[in-house]
Each structure stands twice: as structure tokens, then as C-alpha cells.
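Engineer: Listed below, chain by chain, are the residues.
2 protein chains.
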Amino acid sequence: MKNYKIIFLPDRKEVEVNEETSLLKAAEKAGVYLNSLCGGEGVCGKCRVQVIKGKASVDKNSIAFFRKEEIENGYILACQTPVRENLEVLIPPESRIEEEQILGESFENKQKTWRESSLLHYSEPDWVSLHKRPSDPASLFEPLASKIYLELPEPTIDDNIPDTGRMMRELRKKLKYSSFEITLSCLKDLFIKLRHSDWKITVTLSRHNDMGQILQIEEGNTVDRNYGVAVDVGTTTVVAQLADLKTGNVLGVEGNHNLQAHYGEDVLSRIAYVCGKGSLDLLQKAIVGNINVLIQTLATAKGIKIEDITCIVAAGNTTMSHILLGLMPCSIRDDPYVPTVDLYPSISAKEIGITINPQGVIQVLPSIASYIGGDTVAGVLACHMADKPETTCLIDIGTNGEIVIGNNEWLLSCSASAGPAFEGGDMRWGMRATRGAIQQVEIDDGKVHYETIGKVKPRGICGSGLIDLIYGLAKNRIIDIDGKFRSSLQDRRLLCGENGMEYIVAFPEETETGEALTIAQTDIDNIMRSKAAIFAAIKSLIDYAGLTFDQLEKIYVAGGFGNYLNIEKAVGMGLLPDIPRERIEFVGNSSLMGARMALLSFHVLEKGIAISQSITNVELSKFALFADEYMASLYLPHIDRERLFPSVKY
Amino acid sequence: MKNYKIIFLPDRKEVEVNEETSLLKAAEKAGVYLNSLCGGEGVCGKCRVQVIKGKASVDKNSIAFFRKEEIENGYILACQTPVRENLEVLIPPESRIEEEQILGESFENKQKTWRESSLLHYSEPDWVSLHKRPSDPASLFEPLASKIYLELPEPTIDDNIPDTGRMMRELRKKLKYSSFEITLSCLKDLFIKLRHSDWKITVTLSRHNDMGQILQIEEGNTVDRNYGVAVDVGTTTVVAQLADLKTGNVLGVEGNHNLQAHYGEDVLSRIAYVCGKGSLDLLQKAIVGNINVLIQTLATAKGIKIEDITCIVAAGNTTMSHILLGLMPCSIRDDPYVPTVDLYPSISAKEIGITINPQGVIQVLPSIASYIGGDTVAGVLACHMADKPETTCLIDIGTNGEIVIGNNEWLLSCSASAGPAFEGGDMRWGMRATRGAIQQVEIDDGKVHYETIGKVKPRGICGSGLIDLIYGLAKNRIIDIDGKFRSSLQDRRLLCGENGMEYIVAFPEETETGEALTIAQTDIDNIMRSKAAIFAAIKSLIDYAGLTFDQLEKIYVAGGFGNYLNIEKAVGMGLLPDIPRERIEFVGNSSLMGARMALLSFHVLEKGIAISQSITNVELSKFALFADEYMASLYLPHIDRERLFPSVKY
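These protein sequence lines are chains A and B, in that order.
Take 146 as the starting number for the first sequence in my numbering and just add one per residue.
Take 146 as the starting number for the second sequence in my numbering and just add one per residue.
A hint or two may mislead.
Same chains, same label: a pair holds when it works inside one copy or across any pair of copies.
Said to hold, decoys possible - Calculated pairs, BS3-like style, for lysine-lysine (alpha carbon to alpha carbon, straight line, at most 30 Å): (1) 147 to 158; (2) 495 to 333; (3) 767 to 170; (4) 333 to 205; (5) 158 to 767; (6) 495 to 338; (7) 767 to 345; (8) 620 to 767.
I should point out that these hints are in silico values taken from the structure, not numbers from a laboratory.
Take these sequences, add in the hints, and give me the full structure.
Structural biologist: The structure is reproduced here in C-alpha cells:
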């Protein structure tokens, strides 16, 4: 086998490696530490390097990570590039893990440290703890996988039934299942483990219809070690929660950015990538990588072994759910918008590359339609909408807005394409609700008061800040009822930039970057369109149901605004209907909460399946009045303020 | 990589091969064709060669194929021996496929021809055709896997349910299942195949409790191509039958010798091998090899693609069933005789290495106890014992004899270790019921009339011939009531050999080998013990049930006697109870028949499961009177002839 010499710049570190070694491995051998979020799978795009001398061309699957000029200039992904001749390689600063940061740690630790630095340090609002267990009676606590400890009587000539029968006889004494299913691999374990453990074993059971499904046989008593993970598979953010399946307690929560973002910002562009020249496999690996990193991080932080994690419940939109399972999402995008499946089968986590217990299972919550996914079902579960006689409404605001209205007798849903404005997308200073984001704004007499997440200098503005800002601009009459700047106004914060009028939220000396943090007319236009799409969808669905807003007992608002939403201002700008404010509740990440409820209770999972099959989804594109409602909503708060927003005064 | 020179003797054919090439491959390259039944898995022991020069030591897993002297003399299995230096190898005649036999054929064909030459050319008695379908109403015809052709309406915006829902909606119109299960791999197929096939697909369905289990999605209409295989996994002989699952017709039947025989003749010695120094894996590979060869042979003969074989039902004793599935049989052998499992799960055939459709399933019929297996359940099914109000009895005579008595309200079973005498084992001239075996004997006035299978010169004597022979010897008073030769007798056929008295059945000039074919006193003693064990078991079970023999409406006799059994003589020698002869029926291979019935009807399979769970197994070792019954049965026909065998006169 041939050897080649690789020189890594700028430090001129040299190394000799075998033919076909990946450049990432070569760098590791040379003591040059490259970023790698995905562990070398070619899906995170973090190990970008530039080949200066010698030839190494970009792998076709990673081409999406580079612009045309970058490809021409020899940019490649180190992990996807096998060494086939002598090379000189330049490590750009963004791909480098600085040694001083993590001095003295092993390479694995360096990688781990760096990976952890990519985490979002996601935290849930306090009220989440109220939902640790479903609010149904405690008897409904039945995790997706439970462990049962058994002490079997040793066989005698008068009681020589088979090992399986002996085990099931004891299981029947403790559980209500009439019969049990067992895999060949558990059968193989059973013989040895019963005899090694002195006939004392712990059985890990899931449920399959009315049968117990035996997932694992362990020696001795391991019932204290049984954990599950609930995952919200968001298009932008992936959040995972670790739960103790013996107690129902939540042990930790972590989030990271969906690695698929490199292949497209929203679901439509990712479908276009997969169904065009791209590869479903890469996108699946990306999301599996996200989940594996979160699980590993949570397990390490809590000192839990990966093998003791026995099940996962995931909630995501229909496209994310399909890609996670490796199913083609192509027909979701095209009229008539048909997904492959709505009721995802419970499958072995190993089958899709998720590293928990090798016998562990993953259940993806069912979808309702192409644009109403398991995340919405989770939201309905989290808000107990299908349990109550009162009619309530769930509004989940993301790039796609999903609305559900109903009660324990009927449920209606619809979705509207809202655009990424409320998630900080498509705007010069927009950002997610993370550290440095302005999340609260108050405009008062020409002064702007704001608060950032983490109380640091502002780096941008997130959804909740934007709602406050638009409300403040309207209330102070800096923008008009149609959302346009009143150009005649004298205000030292108002200036004319490259792209028209801009309003200065924070002056250069206040911000982290030293640049002025502004909102431009185009930004406001984006927000106006987003809020109009969402309000029009709510209004259309209410009309479709033959109701009025005041018949809603409750409106639950979910979404990635951050931990805060000023409801008064959200109503004031015309995003949410004008009903008594105490009837509007911000519920945060209801997708994660519903997933956890299903993880902790098979009955909740079954209810989720029933909801997905009984809900009536209304295609707004077929609903003639939607366009009119949308046009009427492109005002602050609405063109028909007197009838629809009587309490809003400014 | 290094090359080595191998010289094959006696023809001195030379060849150069890479290091680590197997000697079997080297021989192939040199144009020397070695026997290989198992295709190089190291389990058939047919490719024995002797290393004359150079060093190559016997693989530890194949050591069981050789005697001590053979190992010392350099015998090895060619397929399990990697080349690591220059060698000279002698091919013994028995390992060689003579070129003239198969001149001009490719190596694969030569191997195939040779493999086919190992087949037993098994044929069923004519009456089997009566059982092509279970005799239950035709509506019960529901093969383990069925194919359904669907033409789905294309989705529109008004009917845009998911692909799975669309498929299941049509399936529900044709089938009675309320719900369907689908695997991830079928889901992946579904998207593409629906759209490639213009929404016309064929779904292969199995049944899982009350749900339809979708095994496969194919484009277009393939309902005419759906086949299944029923297998009788005997300790000595493996027999497979190919059935058309659309019509229920049997297309062919083939048998071969269980390759596990190299690791032990009977189940006890094979368990001892597996649980001692041996390997379960090797024995599993051996039986899987048997089944794969039979399936391949049947498919080729009928021009059927392996992919169109979608399911298998196998029936075997408890040990064979465990080994086939890769489950440890060790505890079966030891008091208190506990198997791992009685209800074998339906599993993917691929999981155990059986080559049919990659999504195809195998169902092993349930066992009753450690020594009453799925072959007995199959026998009960084949004889419809559990369907009839009349009390009947099944006697399956093999190395282990299994007895079942009962009706549609109760069933009792027991097993007795009979020894291999009736299968031709443990005797100088005993042989299986194959070509050249004496299967019928008549002794008349000092003359012996016999008939061999294939009407050729005799090579030995099989079970049915032995029964005739013992009866003839007793009737002609050549042996006494206790089975001992009457030494005082003058008969030119009676002589004193090395091991005592012998009776000449065929003189040297009559036989294939040119040696006299005789039965010795020790042989007769063996048969006496076997018949006593079986009759004592029947008598004990009848007593246990509180019945008498004349209360049996029918006795079904199954076993590997061949295609023939003289019932009069079997009663006459005291093997079968003395009831009116028309009530005794020889049913041949009832294990295979029951397996085929279960293959063709899920309802029969369910009945088999119910039988296995409801039958009461009586441990004869715990039954005090069994020993007395055995002693009393060591006579011809019985010590209590007047009461138990009133009709037997000689």
C-alpha cells in the first residue's frame, strides 16, 4: 500500500498516511484538529479545507456545501476526501479547533468539547415541569418500554414447561397482556441468561397492539436503569429530552441546529435537494447525526449508559418524519401533496442508525397530512385539546404555521406557509431565540428599551422581539396601518439606507458587532406577510367551523419564539385574535411536550394515533375565501379593526 | 500478496493461487472437481482431501469429520483450509466428481449435478394427493402468504391520503383484516413502485394475529407467482414439498439426508456435540444447507424463481426445531428436559440463512415438550385427530416413538426412546428405506421370498422388511416367543457366526455385495427392545386415559418405514395393538403432510398452535407401570397374548 505526504497549512504540519486515508484522519494524525459535528459522515460540512497543491476533487455528495468559486479554488470536505497523492492543504480558521481552547484533551474529547459547543443549551420554561407526567390519572403511566424484574422458579420434572412459558407465566402475574411476542435474538439470549442469573432476569417490554413485545432480556435486576428520549425534529432546531422511564422524571434537555440546513433552509428546498440531484441518504444521516449527538450528550451529562436507553418518541413535520425514516418525501411537495405514510411503524432504532440499546425502538408520531405532521399531533396532545368538551385552538407558528381548532368531539386543522420571519429568517438582523437575541422591545417617546437573551449586548432580534418591535412602531405611529414607514416623520432613529427606509433599534455602540441593529422596510413587509398568512388561516378555519373567535375557550400559541411572548402585543399587531388575554396561553415547544407524553404513556400514543386519523384537514389552497382573508390581514392589526380587533387601541 | 503452488494428486494437476485461497477454490481452478454438498460451508464433510507434502492442519470445527488416524495422516476439509504454503494434495476417490460423469458441464453445473445425485428421490404414497388441500371447507384455504393485486385510483387534491392509506383502503375491500402492518423496507418500496407501475401493484401479505402483515410490494400483477415450501426436518431425512400458493397444488417433493448426521446419528448425540466442544452454528448451517439445496432443486425443476417463494412451514422434533432457529438445545437433554421455547415466532427466512424471497417468512410448527415436537403436532393435524369426536391414536415410529391419543375434546401424548432399529440403525444389514432395501419378506417352508425397493439386488433390509422378517421367523417357529433362535432347529439358513446365531435372509449369490445378508440374534434383540418400548408406550397411554384398545376408532401409523407397511404382520409381532385391521392406517410422513396443511391454511396453523398448548404430555419416566409394560412386551407378540392379541395365531 502506498504512502503519501500531507502538509497542513498555515502551520506546515507534516504527516505521512496510507493511500485512501481520509484527510480528516490525516489531520488528526498530524495533530491538526478539524471541526466535525457529524463524526465524518459528510453531512455537517464543518471540516471544509482548501487543497493548495496536488489534486483532490470535491465529492459529489458534498458539493452543496460549496459555492462555485470555492469548488474552483479546491475547497473540499476533509472527511469525504481520500488521500491519493501528496497534498498541501490549507485549514481555514472556521474549520479549526484552536488548540489552546482544549489543550491537553484527547482528540475524542476535543471533538466532544467542540460538538458540545454547538449545542443550543436549550431550556424549557418552568411550566414544563407541570407536564412531567400526563395529567391523566397516574394509572396511565405506561412508558413505551418498561422493565419488569422476574424471579422464576427453577424447572423440575413436574414443572418443565419451556423457558418462554416460564417467563410469560410470571409476566402474566404482573402485567395485563394476554400474550407476548419475542424475537429470535431475545430467544437466543433467554437460554443463557436464565441459567447464568440463577433464574433472575429483567425483561424489557414494549407494547404491540394488545400484546407485550419483549425487546430485551437482562440478567439480574436492572429496573432502575431504563431511559427514553423524546425528540422534537424541527426543520431548523432539533431538541431532545431524556426521561427516566421508571419515575417519569425529565433528566435533561438539549438542542442543536438541524444539520440538514446545509441542504436547504426549509422543507421545500430540502425536498427539492433530495428529489433533484441530491441524496435522501445524506439528509437522513444528517438528522440521525443530530439525534445521536443529543442522546450522547444527555447520556454523558447524566452518567447514563447508551444501552440503558430503550426507546425514543420523535415528533416532526411530515417531511422531517419521512426523511428520518429514510422515506422519499418527493410527492409531499407536488400537487396533490401525498405523503408515503401517516402512521409510521414502530421500528428498531438501529435500523435507521440511531445509537441507543441495540434492541431499542423508535416511534415517530403520526402525521395528519403533507403539511400537518406529528409535531401538530404532539401539540394537540400536549394541550389536551381532544380531552376537553370546550373548543380550543392551537396555533403553532414556524416557517409553516399550523392551526388546529376543536374539542373532544371534532378537530379541524390547516396549515399556512408563513415564511421564516418569526424565526428570524430572511432578515438582515433576524436570528433564532438564542443568546444575544433581543426578545423584548418597548418603544417609548423616541427611546427603545430592549432585553436580550442572556442579558448580553444584542447580536440580532428574534420572533418575540419582532412582535414587540412592530407593535411599538405601529403604536408610536412610526409605521402606518399598512406597515409602511411614515417617511414624513422626524425621528433620529429613522434613516434611509441602501434598501430604503430603516429604523435603528440599537445604535452601533450598543451592539456586539459595533454595527447599528436596524429593521428595514423589506423586513417589516416580510413580517406583515407572515402575520397575515397566519391570521388569515386562523380566521378561515374558524369560519369553516362556523364559529366566532369568542367561542374559543382557549388559544394555545406554540413556536420557536423563545421563552417569552407578549400576548398583548401579538394581538395588538394582528397576529392573534382579539379575545380576552387570559384565554391566550403561550405553550412553547408543544411538539417536544407531546412527544414526551407519548414516551411516558402508551395510552397517549394511542390517542395521538386516533387524533391523526380523525382530524379533518382543510386545504386552504382550495378554500376560496382564504385569499380575501389574507389581503384583509395585511394591515395593523387588520383592515376590519372595529369588528375583529375592538380592544386594540393605538 | 504471495502466491503458492498446489499439486493435486493422483493426476498431478498444478495450479498457482493467492495466499489464503481455500483449497476447494484452488482445486476448482486446477480443474479438479471436488464434492461439496454444502457449498463450502464446512458442514457436509464431502470435500475430504489428504495433504501429502506441506502443512495444513484440520480446522477445529471440522475435526468431527475425521478419525484420529486420518487427522494424523493429514486429512482436512478442502473448503475449510486456506493455502499458506506450497502443497501436494491427494484427492481420495470418494471426494472426486469423475469428469466423465458430467463432461462438458460448467463447474456450477457439475456441483449441481452432484448435489442432485445426493437427493433421495423421495416420493409420497398416492393417498397424499387426497390431502392436497385440508379437507376442511375450501373457504379455509388461506396460505401463510397470499398475493393480492390492486389497481389504485391515482391521488387527486380531493383524495390525497397517504400511499399507505390508499393501498390499505383497497386491501380492506378485498380482505377481512381490520388493520395492516408494514415494514420500513416495504414503505421504502411503496413510493417508487406505485409511481413506476401506474398505481398497479401486487401486495404479498402474511397474517399476524388478526392483522395483515405486508411482506412485499411488487409492480404490476404477479399473483400467479406465489409459492411456498413445507419441510419435514427429520433427524435423519429432510423432505421438502413445493406448493403453488395460488391453487394449493403440490408441484414437487424432494428429500436428502440431514447433513448434521456427521455430528451425531441421533438427537442426543447432536445435542452432546453442540453443548460439548462443538458449535451450534455448524449444525444450524448444516440443516439450513439441506433446506436450501432442496428448495433450489425444486425451484429449478419447476422453472420457478427463488424470489417467488414467499413462505416456509417447517415441522421437526423439538431439538431439530431449536437448532434450525439457532437456539441452544442443551437443556432438552438433561433432567428436567426443558426446551427454550414451544411457540416459535414467525421470522424472516433470511434471518437464519434460508434463501427464498428476501422478505419471505418461515414458521416452525410449535412443540409440545422436549421429546414431542412440531412433527407430532403436524401428524395430529394431518390425521384430523382434533377435529373428530371419535377417539383415535397416532403412532409415529422413529428413533424416538411418539404416541398421541385423543379426540376433539382432549389429547394425550407421550414419547418413548425406541432406538434406531426400525430405521435400519444399529444392525449389520439394516438400512433406510431406499433403493436396494428389502421392504417385504415372506418365509414359507424354509424359503425366503423378498422384494426390494427398485426391484434390484438386495443391499440391506429396512423397517418394513424387518417387521415382516421377525413375524415370519416367529410364525415359522425359527425364533421363540422371547425372540431367541431355537438353537435345536435344523435349517440350512441358520448358522453360528462370530456373534452367535444368524439367519440368512439372502444368500451371497443373491446380493449386490456378494455377501450373505443375515439377521443375527443381537439384531433381533434390538428390534424386540424397540417394539417393546413402542407397544409399552401405547399401552401405558391407553391405561392412563382409562381406555381399552377397542375404544380406538382408528390407529394412524406414521414413520420412515418406506412406502409400505404390512399391518397384519406389525400386529402379529406385537408392535401395534390387536384391533380390527381396517381400523389401522399407515399414513407415511404425516409430519410433512401437516406442515403442508399449515402452509396452505393459516387456520390449520392456528389449530396446530392450539393443539400444542392444550395437549397433555405424559412423562413415561414418571409413570410407574411403564417398566412393567415394557417387560411384558419383550415377547412375540406379548406375554399376555390371550388378552391383548387374541387374533394373533402362530
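Engineer: Next, verify each hint and record whether it holds.
Structural biologist: Cross-check of the supplied hints:
1. 147 to 158: Result: close within a single copy only, 20 Å intra versus 36 Å inter.
2. 495 to 333: Answer is both: 19 Å inside a copy and 17 Å across each meet the 30 Å cutoff.
3. 767 to 170: Neither way: residue 767 and residue 170 sit 54 Å apart in one copy and 68 Å across, limit 30 Å.
4. 333 to 205: between (43 Å within a copy, 24 Å between copies)
5. 158 to 767: neither (63 Å within a copy, 80 Å between copies)
6. 495 to 338: For residue 495 and residue 338, both the intra-copy (23 Å) and inter-copy (25 Å) Cα distances are at most 30 Å.
7. 767 to 345: Between. Shortest inter-copy distance 28 Å satisfies the 30 Å Cα cut-off; intra-copy 61 Å does not.
8. 620 to 767: For residue 620 and residue 767, neither the intra-copy (36 Å) nor the inter-copy (95 Å) Cα distance is at most 30 Å.
The structure is inconsistent with the numbered hints 3, 5, 8, although it conforms to all the rest.
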